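These are the residues of each chain, in order.
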Amino acid sequence: MTAVVELMDYADVIERFDPVLGLEVHVELNTNTKMFCGCANEFGGEPNSKVCPTCLGLPGSLPVVNGKAVEGAIRIGLALNCEIASWCRFARKNYFYPDQPKNFQTSQYDEPIAFNGYLDVTLDDGEVVRVEIERAHMEEDTGKSLHVGGATGRIHGAEHSLLDYNRAGVPLIEIVTKTIEHTGERAPEVARAYVTALRDLLSALDVSDVRMDQGSVRCDANVSLMAKDATEFGTRTETKNVNSLRSVERAVRYEMTRQAAILADGGTIKQETRHFQEADGTTSPGRTKETAEDYRYFPEPDLVPIAPSAEWVEELRKTLPEMPSERRKRIQGEWNLTDEALRDLLNVGAVDLVAATVEAGATPDEARSWWVNTLAQEANSREIELAELAITPAQLAEVIGLVNSGELTNKMAKEVTHGVLAGEGSPSEVVEKRGLKVVSDDSALIAAVDEALASQPDVAEKIRGGKVAAAGAIVGAVMKATKGQADAKRVRELIIERVGA
Amino acid sequence: MTELIKLSAAELADKIQAREVSAVEVAQAHLDRIAEVDDHIHAFLHVDTEGALDAARAVDADVAEGNAPKSPLAGVPLALKDVLTTKGIPTTVGSKTLENWIPPYDATVTRKLREAGVVVLGKTNMDEFAMGSSTENSAFGPTHNPWDHARIPGGSGGGSSASIAAFEAALAIGTDTGGSIRQPGSVTGTVGVKPTYGGVSRYGLVAFSSSLDQAGPCARTVLDAALLHEVIAGYDQMDSTSINAPVPPVVAAARQGLTGDLKGVRVGVVKEFAGDGYQPGVLRSFEAAVEQLRAIGAEVVEVSCPNFTYALPAYYLIAPSECSSNLARFDAMRYGLRVSDDGAHSAEEVMSLTREKGFGPEVKRRIMLGTYALSSGYYDAYYGSAQKVRTLITRDFDAAFEKVDVLVSPTTPTTAFKIGERVDDPLAMYLADLCTIPSNLAGNAAMSVPSGLSHEDGLPVGLQIMAPAMADDRLYRVGAAYEVARDAANGGSLVHQVPELGGKK
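In order, the protein sequences belong to chains V and B. For the first sequence, the numbering used here gives the first residue as 1, with consecutive numbering after it. For the second sequence, the numbering used here gives the first residue as 1001, with consecutive numbering after it.
Next up, chain V with everything else stripped away, as it sits in the complex (with noise of 0.2 Å):
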């Protein structure tokens, strides 16, 4: 049944086209309540426990708008150095769909709390482009539908549908960027940058869990292909259900290659909504409607306008963190970083760990040194992020402090860390129960070395005529007779001190 799709060779689509991009983000925010009403906001619990009259669209049931929402819109669209809004309105959005509770949405239209913003995304090799943002709005979440009986958990095929409403009424904030084009080839890279920055900036703000396998941030891409003379946009399509930042440039480039072979081939686009499939990554038509939604937007009657005092703004733009942005810049001339040194830290996602690090008093190299190489292979091994490696940038940082002191050895430090990583406990409670300590004492030293020089008579020989480099030998059974516990420098001086006696 399924159709083979023409796709285009990548390099040939960007010969012939330009893509042009929008990208749509809803974020779910992390109020203690509903939008409207004071429900719980939680992800997870029991199907409709958080649910009153008001979320469930009972007859007789008001909306009140929660501040705490309207403060995280503002503090969003200012991040997003947008205008806010001296006066605007919630308005309706009507459509029927069982998610739905009042078959309308509480949202705004043509009056959004913040406007004209823009968001600088810098790319993996240092290029910054400026993602113009059109508008941040406040509306609310749906409820979920759960489709039963049928192939794939879709409503194709399903027998029955079960809603839960727990979600419905949940504060939501859309971003809408303005059209994003002359990105060429680095269309799908620039839209995967987008939503990443973004995801931070929002993380930063501590407005939402952005998480994406969540859903508490969802990303709508929208992509149309321009011909290389054409004056108007192409037909565009939305694509929805991308559900990571990979999936995000696969889905940009996947309907990239897909809209290229329909247009050379003669075809036209349809504007419809599309499903991108995670299993393959390509795109799959949504279900065709007749007729193009008319939502019918009339200012909310229920509510009353939304006017923020200039004052309470500008109180607002004060509680606005560093921007990540600003904070890697200043981090970079800190540390004394190279861009490329910068962009590799980035890469892994240690620049917080390492900042955390230092702070908790260790030199921004050494902190650099263990996240970047052997935290970041801990981290692949075990394919996780390195974020949630179970050792904390406190915890490292008395690690590193017990090598500059000399208790540990290198050597003695990644062991260390390989059991804070098995939960073996702290640094210290980790050192205590293997017992790891370095050799100091000379005298149990000067033991150990007399007695390896005593089992090599060749070797010490060998040291005694000037071949240095022979030390080696006589440092590793050292090492091995102390189970590593010494300190390799001091052993080496002890072995040129006692071959000589």
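These are computed hints drawn from the structure, not numbers from a lab. Careful, some of the hints might be misleading.
Distance windows between CB atoms, simulated [what the hints assert, rightly or not]: (1) B/H1046 with V/E278: 52 to 58 Å; (2) V/D339 with B/K1388: 54 to 60 Å; (3) V/L320 with B/G1343: 53 to 59 Å.
Note that this is a predicted model, so its numbers are computed, not measured. By construction, the Cβ of each residue, glycine as well, lies at the ideal position given by its N, Cα and C atoms.
Place chain B on chain V using the hints.
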């Protein structure tokens, strides 16, 4: 015991506190009256006998213990329009869609009534979803006007007004979107008030037109209405359109009015509310009322509000638009009627078939009108323009209230028409709201107080008084003073001229 049902709410409350009669006796007398006449009148959709008696018993317990009464209306029986939610008690809004819906929560108005010790007897009949001017649009059969069984009691709150005209309750609550408290009041010879928009909470008021709906008091006297007004009004944080300011002092104003003197009060007669389409008997009664106002000291002048002539068309764009959105929630998914859910129909089909079955013709008419008016490309021409007319009407009121303290007009152009007379002519039906609609659009306060019987047909006529927003007290002062003058001229209270209803018909 029949005397009890003829007393005013104020009198009943006093007698209960004075231990001359118990709240249970009062409640029972009214329940008996309902049993006696409601087959004939059909004002009630649901009678909550046990709930009412429980509430009455609680009031009696308070009296016995010497506690201060919960309110000046403790123990008074009241009929509640079936558009306000009552926890555990059916709330149908006169529609098949909610025929068996039992709300899990009380409206704020309901809660306030219970906290005030008011005895809620039951839920009254209404035009479906509050859309209508005759109560003929109820899915459960019309209510009959106690003055003439073959005539409409007005709408949409015909059940509430008829119940008090028939002495089945001392008080009632109605809701007024385009005149649905005032016009029934007018045609049943009772008092009905639409408070300032935002004066009474809409939480739990099943929405028809959100920017127009307002709950208000229905009573047989102006003072009773004032007492009830003070119980139900006030800021409610559950309603974002609720006004955060003290309730205007309506009871004090009513008492002041009862002294019968309106010296210094400036009254404006709205020029546009007369002429063609107005029944001569209505106009004559109105003119007599205006004369009486003059006689008790009011300065009466004519005032022109030219944009009022556009009020009706503006209303019939705004209200249907909002209702098309407010009624979208009735989709068979979470509550209410559900048809054809037999495994052979999709959710969308079940929604569609259920709405087809659940809504009556007037509701469908308005949903379609509203959907059309809001649709892409038409917003500016219809809804947008209507809202601009609304601003012009508000400005007319503002200009008028610079010159006068209150405005007056007939409440509605005719007396009660016959059941069936206008059902096939929606536009003719809409004309009943001609005079009442401007106050809904502007959000100011308005009252209908009986002005006597029409000389042509002996049926009640209403005088409409309009006051600026948050000046509801002016209605009560003028209304009470007029009431005294009217009764003096009549040789007795109007209310007791309603035909005796006895025995079942």
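Quick rundown of the hints versus the structure:
1. Look at B/H1046 against V/E278: about 54 Å separates their beta carbons, and that is inside 52 to 58 Å.
2. Here the CB-CB span from V/D339 to B/K1388 is close to 59 Å, well matched to the stated 54 to 60 Å.
3. For V/L320 and B/G1343, the hinted distance range of 53 to 59 Å is satisfied, since their beta carbons lie about 55 Å from each other.
Violated hints: none; the structure is consistent with every hint.
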